[in-house]
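Enquirer: Now for the letters of each chain:
Protein chains: 2
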Amino acid sequence: MELKDIGEREAIKIMAELYGSVNLDDCATIDAGNEFFLITTDMVNEKTHFPRGAAPYQIGWFVVAINLSDIAAKGGIPVGVTLSVGLPANEDVDFIREFSRGADDCAKKFGTEIIGGDTKEVNSVTICGTAIGRVKKSIFMPRKGCHPGDVVCVTGELGMAGAALKALEAGNDEFADKILMVNPRVREGIAAASVHGVTASMDISDGLASSLYQLMEINGMGFSINAEGIPVHEMAELQGNGIELALYYGGDYELLFTVPPDKFGDVRKAVMGTGCRLTAVGEVIDNKAVMLVEDGREKIMENRGYEHFLGEKLFK
Amino acid sequence: MELKDIGEREAIKIMAELYGSVNLDDCATIDAGNEFFLITTDMVNEKTHFPRGAAPYQIGWFVVAINLSDIAAKGGIPVGVTLSVGLPANEDVDFIREFSRGADDCAKKFGTEIIGGDTKEVNSVTICGTAIGRVKKSIFMPRKGCHPGDVVCVTGELGMAGAALKALEAGNDEFADKILMVNPRVREGIAAASVHGVTASMDISDGLASSLYQLMEINGMGFSINAEGIPVHEMAELQGNGIELALYYGGDYELLFTVPPDKFGDVRKAVMGTGCRLTAVGEVIDNKAVMLVEDGREKIMENRGYEHFLGEKLFK
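So the sequences go chain by chain: E and A. Everything in the first sequence is counted per the working numbering, starting at 129 for the first residue and increasing by one. Everything in the second sequence is counted per the working numbering, starting at 129 for the first residue and increasing by one.
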């Protein structure tokens, strides 16, 4: 059997079972007294991650940003990022200058820095970022922990990355920056965690639907989502298929929280204090299914989104 | 200008200067009270790291081992390893099972575990490991800190990986395990650090000569090495060019220390307590050069060893 027959998430499950010590959360945790150190690692490569027209600066920014997004989802304060940069031998030296400038700018913007690096020779540009964070154990926001009745909410707006992807597919190269210049919700995650109200949290990297299905598996319960409540980005609205882009397209890197109703006001206030929206989009249900309520009718939300190995191409 | 015109070490220097916050040590350090958290990351790939005949189990072991070797060089206790595994979509699912088993066995053998993982689709097998360790600040062994007169010493024996490489080049595939089943000197590093006597330390991944030249740059002083004193592995001796294989071939992953003469006995005793040799091979000199004394004559040691991008191929 080949990887394309099972997909990325099944492959991760096989590995996690073998190791026995992987928590299937956004970050691994290391015990450090009353804190956790958070470690997360993400590999990106030319084949599946970089749209046409991607500039080295944007790629550097992107690798750092998507790793910081995982730290943000746990309420963590970033304390450093390391980068392993695999490049072909005939790559121009300016690539590493521009790439490093983008990586450095992103790290600094979110209060941290690049603390280690490495370069290796490979066939096609492949970069592995690792971000390290710290968070008080008492406010760590896990993926597992929601209860029926909890409010499901998301930061910011969804669908912009999907809309940019559609524009790129239509031949408009100028939208690469909308996909790569990701804004990780670091301050928002820290603010939400400080309220002690979030029961489950993850970042939305492969689309809202995919994230909800992952939370369903981990928590053993489901969600009912109100389509009209989803905050759709105006770029997605303009394309006329905003809900589709918000649910089934990856790349938005917003945060997805569940919060008990009596805490929702406090969590929203804390997140809004950073200058970001927090919108209720549904609730946790005592039934292992992800439902979408649209035009007054409830149906099962499709379980699709970007997944590696399945023959999909994020960028054509 | 392309990367093949400048090589890996120059590329790392460009990046380090841009970041300003990279310490050019084996590991990045994060302040944690009276300890440092140590982070190191290493990417390996089919093109430059895997010899013909390499089994997925051995590749899994190798990625974990070379990262633990960097933790070992700082005297660190490993606390976890994460792995980003980039694979082609047509790779067999058994690859990840066998790879994960090798990675897990190596981590457990050296007292730690795999705490996080990720898979991505790429064109050729590319794996990025990140190891995390901790060490008391007072016994951290940096790359910079040696003084003229310090003893230069190495753990174990050198030249085995080079000898195995030569055997592979001669068509003998059964030596892949000698290259990939690396034995990181974790216990030896912890033992050496505990004595408070090591003034500079790094692991020997690209050959002894290359490591000495790197320490020379960082410390602004040089070394005089006695060829007859180098502990050459018997596989290298058998090939009749033991010193060549010990000095200029990578892959041995032994530790290289400098130690003041009055502390050397204690450091050696501590390392020998783990069941490993520690051999004096020369001394630190007040002159920015790396000298080799052979047959009573002193000459400049060549500055060569494995380096990415320079058109060398580790495995043909």
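Keep in mind the hints are simulated off the structure, nothing from the lab. Possibly wrong hints are sitting among the right ones.
Since the list gives no way to pick one copy over another, a pair counts as held whenever it fits inside one copy or between any two copies.
Claimed, not checked - Heads up, simulated BS3-like pairs for lysine-lysine below, C-alpha to C-alpha not over 30 Å straight-line:
1) Lys416 / Lys237
2) Lys264 / Lys236
3) Lys141 / Lys236
4) Lys264 / Lys427
5) Lys416 / Lys272
6) Lys236 / Lys265
7) Lys175 / Lys141
8) Lys132 / Lys175
9) Lys416 / Lys236
10) Lys237 / Lys265
11) Lys294 / Lys391
12) Lys306 / Lys236
13) Lys391 / Lys132
14) Lys264 / Lys294
15) Lys306 / Lys294
16) Lys175 / Lys237
17) Lys397 / Lys132
18) Lys306 / Lys416
19) Lys416 / Lys294
20) Lys237 / Lys141
21) Lys265 / Lys397
Enquirer: Could you work out which of the previously given hints the structure breaks and list their numbers from low to high?
Expert: 1, 4, 9, 11, 13, 14, 17, 18, 19
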